[in-house]
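Residue numbers (our numbering), protein chains in the order written: chain A, 1 to 405; chain B, 1 to 405; chain C, 1 to 405.
Certain hints may be false.
Because identical chains share one entry, a pair is satisfied inside a single copy or across any pair of copies.
[What the hints assert, rightly or not] Below are the DMTMM-like pairs computed for lysine to aspartate or glutamate, each with C-alpha atoms no more than 25 Å apart in a straight line:
1) Lys278 to Glu68
2) Lys313 to Glu234
3) Lys278 to Glu73
4) Lys230 to Asp314
5) Lys230 to Glu163
6) Lys278 to Glu71
7) Lys69 to Glu274
8) Lys313 to Glu163
To be clear, the hints were calculated from the coordinates, so they are not data collected in a lab.
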Amino acid sequence: MSEDKAFSRAEYEAGDAGSAPLRYRLATPASRATHAIESTPVSPLLKEIRHNPLLWLLAFVPAVLAGEKLEPEAHTLLFVLSVLAIVPLAALLSHATESVAAKTGDAVGGLLNATLGNLTELVIAVTALRAGQTMLVKASIAGAIVTNTLFMLGASFLLGGLEHHVQEYNRVSARLQAGLLFLATIALLVPSAVSQADFVEGAVFTRRLSLGLAVLLVAAYGLSMLYTLKTHRELFASAEHAEPGEAPWPIGLAVATLAGVTVLVALVSEVFVESVQKAAETFGMTPAFVGFIVVALVGGAAEMASAFSGARKDHLDLSVGIALGSASQIALFVAPVLVLLSYVIGPAPMDLQFWPGAVVMILIAALTASLVTNSGRSTWFVGVLVLMVYLIFAMTLYLLPPRAH
Amino acid sequence: MSEDKAFSRAEYEAGDAGSAPLRYRLATPASRATHAIESTPVSPLLKEIRHNPLLWLLAFVPAVLAGEKLEPEAHTLLFVLSVLAIVPLAALLSHATESVAAKTGDAVGGLLNATLGNLTELVIAVTALRAGQTMLVKASIAGAIVTNTLFMLGASFLLGGLEHHVQEYNRVSARLQAGLLFLATIALLVPSAVSQADFVEGAVFTRRLSLGLAVLLVAAYGLSMLYTLKTHRELFASAEHAEPGEAPWPIGLAVATLAGVTVLVALVSEVFVESVQKAAETFGMTPAFVGFIVVALVGGAAEMASAFSGARKDHLDLSVGIALGSASQIALFVAPVLVLLSYVIGPAPMDLQFWPGAVVMILIAALTASLVTNSGRSTWFVGVLVLMVYLIFAMTLYLLPPRAH
Amino acid sequence: MSEDKAFSRAEYEAGDAGSAPLRYRLATPASRATHAIESTPVSPLLKEIRHNPLLWLLAFVPAVLAGEKLEPEAHTLLFVLSVLAIVPLAALLSHATESVAAKTGDAVGGLLNATLGNLTELVIAVTALRAGQTMLVKASIAGAIVTNTLFMLGASFLLGGLEHHVQEYNRVSARLQAGLLFLATIALLVPSAVSQADFVEGAVFTRRLSLGLAVLLVAAYGLSMLYTLKTHRELFASAEHAEPGEAPWPIGLAVATLAGVTVLVALVSEVFVESVQKAAETFGMTPAFVGFIVVALVGGAAEMASAFSGARKDHLDLSVGIALGSASQIALFVAPVLVLLSYVIGPAPMDLQFWPGAVVMILIAALTASLVTNSGRSTWFVGVLVLMVYLIFAMTLYLLPPRAH
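Using the sequences and the hints, build the whole thing.
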């Protein structure tokens, strides 16, 4: 009987049969089979798949891998399948990361959360790098920065503002992230600006400068970790808390998921990178649009889910932290690491010179983020304003006629 | 006798003979005639004309219309006459608008005030559009934005600062306006920046993009109305209050004035647009300078009078609201409406591509407004700084040698 | 006996033998000789030279002047000697200026401090102007602005942040300086931006515009003096206080030092300007790098010492005031004065048109300063961020291949 009382009202109402007393759960053969599986270590993973509709898209993972073997010329189909397959993989990666972070405590956990949050984008970019498609890599970097800074932030403000009249968030944390993003923006743009402004053709100059800047940015990233996690952590502590709602997985399962899903993401993104060019032509989208908008939205899908959920629950700190933190991390860590990696993988080294349109858009995104997060307060209309800037960019990229790079 | 006491001391001292008891006013034949006119519905209009010296310029209205018939080649004279005629018409429009707004209550009143505040600029621009002078239209748009953001704001700060040591104003309202202006600036500039940056020649692209942006901006404008007048009006209510000093006209007179004066403005601006090119050459001014400085100052004359008066009376909220609200409204409403209109009137559709100098100036104006209004406090020197930026632009445009557009 | 007690414990512990009672000081012949010198009016000057190791570099002053006579072709050696000679001269100028300022009271003192603070840079620039090396002059102006705004500010934040967890400074003062710097930046950049943007070749236009802007900027500088020293001095008073630690010199000595050292600086900078080009080639540095980095660091060495010392003692107001005040003063006063002077000295008038790379860097520096000083609080990491921006510029300039200007 006491076992029955342990079955709390909340769990009952939530319909979480997995917590029900054993005698209820073993009533039928089907449930006995289910129970057998659920008693295994992978049970939390399976439970989540069953409960989260997004993860039903996992069916596309074998679909795309099979499709690539059977019909390698069906580029458009493969493109769509790979996009649909990456989304649930990103969600799994996200939850696995949070589980590991919860176990290792705040300091290392925050580091992990920050570093592995962009694992999906990193894997897609490395795959493209190996294929020598540096234009796609750069479009993905620029697109991820702009999408996180404008779309994720604006949509969070809007969705949260529809639920709550006025929302407040930690201004200090937002200012730091905006400052880091601004610094990284300058670093990513100075080579391009100085080169074009002074009409210097030196590819050697651009490569050496990009290498130097990559080292400088990674150093800044490391120092920012020291700053937010050690010396001045009291200013930032509340912003890094993962949503307490989802129960973290056991550490073994989480690490195994991380490893396994990363391999799957690598395989699927190979298909994606190979098919993107042809599929873009079929859909009438330029490669710039695909890289900038599609890849960024796909890669950041899981993070967006967390950010939007946090905004609706009036934890805007979380949304702003994810949006700006992710963007500054791509600029300060992913982009430099890709430059350094390009010297050992791929056909030729990559530099940090972006085409002028991307330069303008990244700068406007960073400036918008700085101006908007300065006050620490938000309403639905602030979200509208930020989303409008994003729509202007998306519209411009969509209508822009293709040009040879 | 009681009637005499109803004649209050304040009214007596103000010399407002129109409020005096009847027996005083009918003393002489002249005053009997005046009384006859004053008893009519147009009496408040006539009273204002008599008391406000600015409105004596109304004499130039018939002067310019007659001059255009008699001496159509005297361009310089017609230019000067039309400028002198538009100023009082703009003042009348302004008071009529406020009267209608006072009658219809805060919500619709604020909407009317905001929309009709730029009626003069709109009429001048439509006239130029019909004549196919898109360069003049664009120069007027850019000039109105920059003049309102820098000249009106800076002069208000300076004039107010000469009377009061430190002035404060509603920071939330100023931040919103500055944010709206910043968004509209990006929308007006992205087509130009992306086109020039990527050396894209596509006129079709520019037209389609301009059309899309126009729709987006009008949507943003509508949503901003919803935001400031409905969902979050408590943050903005105090800033929209018209100066209580001037007694509003009866609704009938106000509407009639609106209609009649608009027609007059349309007629006078036809003369203005036809004569501006030749007159500019005579005065040694480039068309860019004329559009940017002259048209903007003329069109905004009435609003500037209200803004400066508010600043001197320590109602800086009003001045900042007029300056930034007018600028963001031209960018978010007048410019897009002109683009949409250009598809049905005028020889060819107009796009939103501005020449690079205008792009730079609008961006700097929006940035200056953002930085300056961030603190919510003002002194005379802040006004000097802002005016200096305007002077730099005016000086540059004045000295710039003309070039073929 | 009372004389012994007048020899306070603090002075005893500081080892300031010059304050010891006379009978102690006249013990040996050497000390009697020293005392004879010390009783002269130049004794504080000699005392400072003895105590401050930096001033031992004064030995290089005769060294470089002699070297120029004996070996006029040893450019590299002369370059190094002149750099080493200017540093102590700048320090002496700095202390002499402060001494005069302390005597004349706050108002005129603040004016003197502000105006003479950049005397070293002004003398070097005038020397280069007379030699017709306008590229070097412009590189020095741009370099001084950027070095003060980024390097001095960032290093102050960092050094102070290593001692104190969080530091606060006067936000109003910092905002004003940042605003002045922003205005001056626009004034220095609009001629360049408009010219290049509109592909205007008019050298006459550029000269007339530069002249007009120079007058406007000096006017703004004068008005800012009126603002900070007279009408609203209560907002700024605390920021201008010189470090009370160093005892000011007698007024006669201070004025004499000012005059004498200025002459020495002029002589040494002639050698510097003649040797810089060849020496730069030997060291593998471009003229842009030399002007931008080397000259700025050398000319600002004394000010940096004061700023860093103030930051470590938690007087961040002083550091921010020196950094931003010096930068805005170079932009608002030194640059315009050089333009005006160029019409009477030197082979050809100088204009305010900078090459695009400098335009970008000055704008980013002003923007960074605005964003960073907005909050009025600082930690070590804020210093790291600002220094990173400076390092990006230095790295870019160092790697940039030379080009013909």
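Run the structure past the numbered hints and jot down the numbers of the failing ones, going up. none
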